[in-house]
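Got chain A; can you put chain B on it based on the hints?
There are 2 protein chains.
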Amino acid sequence: MESKTLLQQLINSLQCLPGVGKKSAQRMAYQLLDKDRQGALNLSHCLERAMRDIGNCQQCRDYTEVALCSICANSKRDDKLLCIVESPADIAAIEATASYSGKYFVLMGHLSPLDGIGPEEIGLDQLNQLILSTPCEEVIIATSSTVEGETTAHFISSMVQRIENRTITMTRLAQGVPIGGELEYLDSSTLALSLANRKSL
Amino acid sequence: MESKTLLQQLINSLQCLPGVGKKSAQRMAYQLLDKDRQGALNLSHCLERAMRDIGNCQQCRDYTEVALCSICANSKRDDKLLCIVESPADIAAIEATASYSGKYFVLMGHLSPLDGIGPEEIGLDQLNQLILSTPCEEVIIATSSTVEGETTAHFISSMVQRIENRTITMTRLAQGVPIGGELEYLDSSTLALSLANRKSL
Chain A
68 MESKTLLQQL INSLQCLPGV GKKSAQRMAY QLLDKDRQGA LNLSHCLERA
118 MRDIGNCQQC RDYTEVALCS ICANSKRDDK LLCIVESPAD IAAIEATASY
168 SGKYFVLMGH LSPLDGIGPE EIGLDQLNQL ILSTPCEEVI IATSSTVEGE
218 TTAHFISSMV QRIENRTITM TRLAQGVPIG GELEYLDSST LALSLANRKS
268 L
Chain B
68 MESKTLLQQL INSLQCLPGV GKKSAQRMAY QLLDKDRQGA LNLSHCLERA
118 MRDIGNCQQC RDYTEVALCS ICANSKRDDK LLCIVESPAD IAAIEATASY
168 SGKYFVLMGH LSPLDGIGPE EIGLDQLNQL ILSTPCEEVI IATSSTVEGE
218 TTAHFISSMV QRIENRTITM TRLAQGVPIG GELEYLDSST LALSLANRKS
268 L
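In order, the protein sequence lines correspond to chains A and B.
Per our numbering, numbering through the first sequence is continuous, rising by one, with the last residue being 268.
Per our numbering, numbering through the second sequence is continuous, rising by one, with the last residue being 268.
Note that these hints are calculated values from the structure, not bench results.
Take these hints with a grain of salt, some might be off.
If several chains are the same, the list does not tell them apart, and a pair holds so long as it fits within one copy or across any two.
[As the list claims (entries may be wrong)] Result set (DSSO-like, lysine-lysine): computed pairs, CA atoms no more than 30 Å apart in a straight line:
no., residue 1, residue 2
1, K89, K71
2, K147, K71
3, K102, K90
4, K90, K71
5, K89, K266
6, K147, K266
7, K143, K71
8, K143, K90
9, K89, K102
10, K71, K102
11, K89, K143
12, K102, K266
13, K266, K90
Isolated chain A (complex conformation) (with noise of 0.2 Å):
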């Protein structure tokens, strides 16, 4: 390796990044360093920093460099309501609806024996111990609508269901056409669904 000119390891180690080939890996190679030295510094330190420091939040395993991310930390935040998620970047979508308040708990994954994950790896301990220790009053869980989503929503809801003296509202994003969508290309299925759920005028 120690043979390969500087700008080739730059080439290689561009493709890490994920849809990046060594086609693009070259433009950006060429390109950082015709037009943009400056910004290629920035993301160099950016990204070491990065992922040195960048690590899971204590309470919702959100990711963040502090130890309570900004979301839980707010107080502004309604935390009689709790999404669950499976992953960080399904917060930043539901952050961009501005349309949630409540916190948040990312099992970083979702239920797949197969693949030795289990309960504990997606952290279901953590998320009971949440539950027990704030008003909790509606958990609202966000997983995605593939059979592994649905099997670790259903596993969740059982779970949340047994905790005693507590009464928690379990619910589920609803499903149906998405906006914009035509019914002339929904899979039958979705179709089938939102026919099932439809709701009054």
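Same frame as chain A, but now just chain B:
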């Protein structure tokens, strides 16, 4: 800016990469944090070293971290042949064909008087010196087939022809139908050119 989290800073700085917008940057950041922190640290180090150490070859002006690039320093390369290209990426493209064994000279641009890019900016003095100091017999002008590229080619050609006591052949890359190209979809200027320059079988 100090109030931004490290993750937000990372997502912003990833957008200095060409073709990477907010969504891709977010996906990259999460993917690196989730699955490839080692690769990201490696990328960080490569970026820093490359931006700090990569300069231009003293002889051909290609990107290199040493004084003479590997091609200029290679005594097996034919120094009777000199190929003039606009950018280091063009060298990579020609090297990938494995059908050229001569040396290179990189203009790092093309003549563009309106943008203040004249003969000095594209290193024509240095090119002149290079030709005088080497046994160069053929100069292949491989600038782009654009108006600026053609102007630059013409300017270099007349400059080289003014060199005294030397017979230097000037050539230009062949133009015509690309391999796999369908005539139906080829632009008419290229088609007219390949008709005018037809070869006997």
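Within, between, both or neither, where K102 and K266 count as close if Cα-Cα is 30 Å or less: This pair counts as neither: shortest intra-copy Cα distance 55 Å, inter-copy 42 Å.
Pop the pair K147 and K71 into one bin, within, between, both or neither, using alpha-carbon distances up to 30 Å. Close across copies (27 Å), not inside one copy (57 Å); limit 30 Å.
Within a copy, between copies, both or neither: which one fits K143 and K90 at a CA-CA cutoff of 30 Å? between (47 Å within a copy, 28 Å between copies)
One pair to classify: K89 and K71, alpha carbons no more than 30 Å apart. Within, between, both, or neither? within (15 Å within a copy, 32 Å between copies)
Within, between, both or neither: how does the pair K89, K266 come out at a Cα-Cα threshold of 30 Å? neither (50 Å within a copy, 36 Å between copies)
Status of K90 relative to K266 across identical chains (alpha carbons, at most 30 Å): Cα proximity of K266 and K90: none, with 50 Å in one copy and 33 Å across.
Copy assignment of K143 with K71, given that the CA separation must stay at most 30 Å: Close across copies (19 Å), not inside one copy (54 Å); limit 30 Å.
At most 30 Å between CA atoms: does that hold for K147 and K266 within a copy, between copies, both, or neither? Close inside one copy (27 Å), not across copies (80 Å); limit 30 Å.
Have a look at K89 and K143 and pick one of within, between, both or neither, based on CA distance no larger than 30 Å. Between copies, since 28 Å is at most 30 Å while 47 Å is not.
Measure nothing new, just compare the shortest in-copy and cross-copy C-alpha distances for K89 and K102 to 30 Å and report within, between, both or neither. both (20 Å within a copy, 20 Å between copies)
Copy assignment of K102 with K90, given that the CA separation must stay at most 30 Å: Both ways: K102 and K90 sit 18 Å apart in one copy and 23 Å across, limit 30 Å.
How would you classify K71 and K102 at a CA-CA limit of 30 Å: within, between, both, or neither? Answer is both; intra-copy 23 Å and inter-copy 26 Å each pass.
Taken one by one, the earlier hints fail for this structure at numbers 5, 12, 13, listed in ascending order.
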